[in-house]
Each structure stands twice: as structure tokens, then as C-alpha cells.
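Enquirer: Residues per chain, in single letters:
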Amino acid sequence: MADRYAYYPGCSLQGTAVEYDISSRAVARALGIELIEVEDWSCCGSTPAHTVDQLLYGALAARNLAIAEAMGLATVVAPCPSCLVALKNALAMVQEDERRKELNELLELPFKGELQAKSLLQVIFEDVGVEVLAQKVKKPLKGMRLVPYYGCILTRPPKRAQFDDPENPISMDRILEALGAEVPDFPFKTECCGAAFGLPKRELVLTLSAKVLEMAQEVGADAIVVACPLCQQNLDLRQGQINSHCGTYFELPVLYFTQLIGLAMGFSPNEMGMDKHAVKADRLLEKWQEESRG
Amino acid sequence: MEILDIGFIDKDFIKAVEQESGQEISRCYQCGNCTAGCPLSFSYDIPVHQIMRLIQVGQKEKVLRSHAIWLCATCETCTTRCPCEVDVARVMDTLRIMARREGMVSERGIRRFYDAFLESVKRHGRLFEVGLLLRYNLQRGRPFADADLAPKLLGKGKLHFLPDDIKGIDAVRGIFERITKKMGL
Ligand code: SF4
Ligand code: SF4
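For the record, the sequence lines run as chains V and P.
Quick note on numbering: the first sequence equals residues 1 to 294 in the working numbering.
Quick note on numbering: the second sequence equals residues 1 to 185 in the working numbering.
Everything labelled a hint here was simulated from the structure, so no lab data went into it.
Just so you know, not all the hints are guaranteed correct.
Unchecked claim - Here are the computed distance ranges between Cβ atoms for each label pair:
no. : chain 1 : residue 1 : chain 2 : residue 2 : range
1   : V       : Asp-97    : P       : Arg-142   : 44 to 52 Å
2   : V       : Lys-287   : P       : Thr-180   : 26 to 34 Å
3   : V       : Glu-182   : P       : Phe-42    : 13 to 21 Å
4   : V       : His-245   : P       : Gly-32    : 27 to 35 Å
5   : P       : Pro-163   : V       : Lys-287   : 38 to 46 Å
6   : P       : Ala-16    : V       : Glu-214   : 40 to 48 Å
7   : P       : Lys-182   : V       : Lys-138   : 49 to 57 Å
8   : P       : Pro-163   : V       : Asp-97    : 35 to 43 Å
9   : P       : Gly-32    : V       : Lys-112   : 38 to 46 Å
10  : P       : Pro-83    : V       : Gln-135   : 27 to 35 Å
11  : P       : Ser-26    : V       : Lys-287   : 38 to 46 Å
12  : V       : Asp-40    : P       : Cys-31    : 31 to 39 Å
We put the CB at the ideal spot given by N, CA and C, even for glycine.
From just these sequences and the hints, can you work out the full model?
Expert: If you want it as C-alpha cells, here you go:
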């Protein structure tokens with residue numbers, strides 16, 4: 001197992017998604033994955049950059065890849081799907097001779113593009129594997145009924161993602177099952193939550209995210225599990241706004257898959273940043289404690 | 001249904017979209033799969049398969065002035081499901097870039113949000129979330145929008161009130177400056 005990876009946290013994981021960063025680092029360490037932070041990393045450019053110019057989008061991401069290359073690492077791991085897409089886009093660009101030249105004119109370090117980028121989910125699912133993960137479970141997630149919500153771009157388009165299935169992904173399902181949780185079918189696995197429109201078009205986000213919450217409630221979920229900071233923010237932080245806007249009474253915790261791996265491996269809820277969400281997960285944790293005792 | 005008088009077919013526009021997106025627009029045979037799967041379609045003024053058709057018949061203004069191209073969330077569903085393997089999301093992306101260049105942006109709020117985001121990256125090297133929120137809401141004269149979210153974030157190490165510039169900030173600014181020069185802005 002190649003176990004040294006460059007780690008690209010991305011901006012959200014330093015702010016609103018800090019619990020994703022905390023849980024990712026802790027769980028990786030416990031699974032024997034060494035994450036080495038990309039030195040002095042900068043923003044990947046995300047959605048805003050590719051509305052301005054392809055080269056700008058490519059170069060902002062490429063700066064980080066060039067640093068990882070200089071650090072002698074062959075794989076960059078990004079927990080955030082939006083960052084991952086930016087990194088992969090830059091890696092595709094650098095394969096074209098002319099684009100490689102253009103990119104390198106904009107960068108300080110040489111960028112050859114001889115590395116790959118993966119999501120943390122992919123690393124855990126493929127490089128570690130669910131069998132190994134299952135062996136590390138100390139406190140199975142008994143009694144937790146969890147629906148995995150993948151969002152749109154984690155597995156799409158398949159040509160770029162090269163991971164899991166674009167229409168019916170199963171990696172998080174299998175991981176949660178290995179942790180001992182109950183995982184019902186969830187038809188809205190890859191619906192869109194409204195992505196980056198929270199500020200400029202809030203109503204769109206509230207309408208779209210409400211549908212995801214509604215379906216989760218319908219299948220009797222205790223919580224929604226995500227791998228994306230933007231999905232988490234829209235579903236959790238804005239859940240109160242969704243309730244006022246749509247006249248609903250949702251109270252569904254929205255957790256990162258890394259937090260659940262951590263809990264099952266024996267980390268305490270606080271070590272996994274379970275106190276950092278807008279919608280509290282206390283009821284879920286109590287149910288779990290009871291089930292585990294009984 | 002609106003009947004469109006096509007009139008002038010702007011062939012240069014078709015060619016420019018094809019070249020910049022790397023997609024063969026003529027491959028689209030109007031099956032409507034992209035629109036059927038588009039989660040944002042309910043908010044569009046022109047559904048995405050019609051955007052494709054309008055490009056085919058060279059309707060530059062109609063396409064570039066549409067709201068749809070800005071309401072697209074780049075979710076990649078259309079690209080994933082197009083039977084002709086057209087990267088539709090990439091085409092939408094190209095149209096946004098072109099609309100900016102031609103000064104034909106119909107969704108100013110969304111553009112301003114993207115610009116405020118990039119301004120933060122240019123200043124600090126990373127996105128400074130609090131700064132973006134304040135700057136964007138002030139600009140559109142709604143300083144207290146989303147103020148209800150603050151208590152949910154406070155005391156959790158999620159809000160940083162002072163930006164921390166990265167060490168290599170000059171390298172990031174350099175990227176922006178060289179691109180700006182290149183685009184002749
Ligand atoms: S899915 Fe493809 S072929 Fe069908 S209408 Fe959309 S772009 Fe055209
Ligand atoms: S990428 Fe844009 S146009 Fe395509 S399905 Fe998603 S939101 Fe609709």
C-alpha cells in the first residue's frame with residue numbers, strides 16, 4: 001500500500017468545514033495513511049475561476065500540484081470534490097503541449113503533471129478497502145440508519161472522475177455498512193444541493209436541498225452522510241432557513257463520512273468535531289449508545 | 001411557444017464556441033436528455049437542450065444573454081447523460097466566459113459573487129469566507145443577509161475574522177496579473 005500522500009485541504013476545510021479536516025486527518029493517521037500537507041497551498045479557484053478563464057482556473061490549481069511535485073509526492077488527496085475537480089482539470093490540461101507551456105509561464109515552480117489526484121473517499125475505499133476498515137472497527141455504528149449523499153461531481157462525469165458509478169455510487173454505502181450502520185436505499189444520492197449558489201441565489205439552494213432532506217426523512221434516516229463541504233453547508237447550516245422557507249420541520253444531522261469512520265474506530269464525538277454542526281447529532285449519538293449497550 | 005425568427009446565422013459564433021469548448025456542437029440531435037436531468041432547469045429561461053440548438057443556429061445574443069448559462073451549477077449531469085458524448089457542462093462554461101467577454105452577463109449578482117470570491121483569493125491566496133460574505137452582501141446593499149447563520153458558526157473555530165495571507169501570495173497575484181494582461185483587460 002502506498003501510504004504517503006500529499007494532502008490538499010482546501011479553503012472550506014479551514015473554515016466552515018473544519019470538522020471535515022479534523023476528522024480526515026485523525027482517521028487517515030489511524031488507518032496508516034500519511035497525509036503531508038501541500039506546503040503553503042493556495043485556493044484551487046473552484047467554480048468562480050472557470051467562469052472567467054480556463055487558464056486562470058488551471059493555473060490556480062496547478063500551483064498546488066507543482067508544489068506537491070516538488071515535495072516528491074505522487075498522489076494528491078483532496079477531501080473536497082470541488083477542489084478535486086480543479087486539480088484533475090489542471091492535470092488534464094498539462095497533458096496538452098501548448099497548455100503545458102501556457103501553464104508553466106504562469107507558475108513559479110515547474111509543473112510536469114506526473115502525479116495523480118484522488119478524493120479521500122477514493123483512497124479509503126480503494127487503497128485501504130472496506131475489509132481492512134471493518135477490521136479496525138471498535139464500536140460498530142449499531143442502530144444508526146444512515147443515508148449517503150454523494151452530490152453531483154464526486155463521480156461525474158465518469159471519464160474525469162474514474163471512480164465509482166456516476167448514477168448509483170456505492171463507495172460510501174459500503175463503507176458505512178462496514179462500520180456496522182444500517183444503510184437504506186437512497187434514491188437522491190446524486191441529486192444537486194444547489195452548490196455554490198447559497199449567497200447569490202439562496203432560494204435555489206433552499207428548494208433543491210429541501211428535496212434531499214425530504215427524501216432522507218422519507219426513508220427513515222437518522223442522519224445524512226456526505227463527502228462534500230458545500231453539500232454539508234447547504235443541508236446543515238441552511239437547514240433552519242429551509243424550514244422557514246418551505247414550512248418544514250427537518251432536524252436531520254448532516255455528517256462527514258470521515259466523522260463516522262472515526263466514531264466507529266473509537267474516537268470520541270468531540271475528537272471528531274461532532275459538536276460543530278448547526279443541527280446537533282445528540283439524539284443520534286444517544287440512540288447509538290443505547291443500542292450498543294443493549 | 002415562442003417562434004424564433006432566426007434571421008442571421010452567426011457562423012463565427014458557432015465556430016468560437018466549438019473551438020473554445022473543444023466540443024462538436026453539431027453532434028447534438030436534440031434528444032432532450034440534458035434538460036430532463038438538469039436539476040436547475042426549473043429556474044432556467046431557456047432549457048439547456050435549447051441552448052444547444054440556439055448555438056447550432058448561431059443565435060449569439062440570445063444564448064449569451066440567457067440567464068440559464070449563469071444558473072447552471074456545473075453539476076455535470078448533462079455531460080454524463082448525453083448520448084452523443086457532448087460535454088454540455090463544458091459548453092455552458094464556455095458560454096459564461098464568452099458572455100463576460102462580450103459584456104452580455106444577465107445574472108449580475110452571480111457574476112459579482114464569483115468576482116468577490118476571486119478578489120479574496122487574489123488578496124490572500126485563499127478564500128477568506130467571512131470577508132467574501134461581508135463584501136458581497138455590502139455590495140448588493142444587504143449587509144445583514146444570512147446574519148442568522150453567524151450564531152451557528154460562532155465558537156466552533158469556523159469563522160476567522162482576520163485573513164491570513166499565504167507566504168507565496170505574490171505567486172498567486174502574479175497568476176492573476178499575467179492572465180489579466182493576456183486577456184487584454
Ligand atoms: S443530451 Fe446531448 S444530444 Fe441530447 S439534447 Fe442534450 S446535448 Fe443534445
Ligand atoms: S451542468 Fe448545468 S446545464 Fe448541465 S445538468 Fe448541471 S446544472 Fe444543468
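Enquirer: If a hint holds in the structure, say so; if it doesn't, say that too.
Expert: Hints and how they fare:
1. Asp-97/V x Arg-142/P: 44 to 52 Å: Holds: the Cβ-Cβ distance is about 47 Å, inside 44 to 52 Å.
2. Lys-287/V x Thr-180/P: 26 to 34 Å: 55 Å, violated
3. Glu-182/V x Phe-42/P: 13 to 21 Å: Roughly 33 Å apart at Cβ, these two residues miss the hinted range, so it is violated.
4. His-245/V x Gly-32/P: 27 to 35 Å: This hint holds: roughly 30 Å between Cβ atoms.
5. Pro-163/P x Lys-287/V: 38 to 46 Å: 41 Å, holds
6. Ala-16/P x Glu-214/V: 40 to 48 Å: Hint holds: Cβ distance 42 Å, inside 40 to 48 Å.
7. Lys-182/P x Lys-138/V: 49 to 57 Å: 55 Å, holds
8. Pro-163/P x Asp-97/V: 35 to 43 Å: Roughly 38 Å apart at Cβ, these two residues keep to the hinted range, so it holds.
9. Gly-32/P x Lys-112/V: 38 to 46 Å: 42 Å, holds
10. Pro-83/P x Gln-135/V: 27 to 35 Å: Given about 43 Å between the Cβ atoms, the range is violated.
11. Ser-26/P x Lys-287/V: 38 to 46 Å: Violated, since Ser-26/P and Lys-287/V (Cβ atoms, about 57 Å apart) do not stay within the stated range.
12. Asp-40/V x Cys-31/P: 31 to 39 Å: Taking Cβ atoms as reference, Asp-40/V and Cys-31/P lie about 47 Å apart, which means the hint is violated.
Violation of the numbered hints given earlier is confined to hints 2, 3, 10, 11, 12; the remaining hints are satisfied by the structure.
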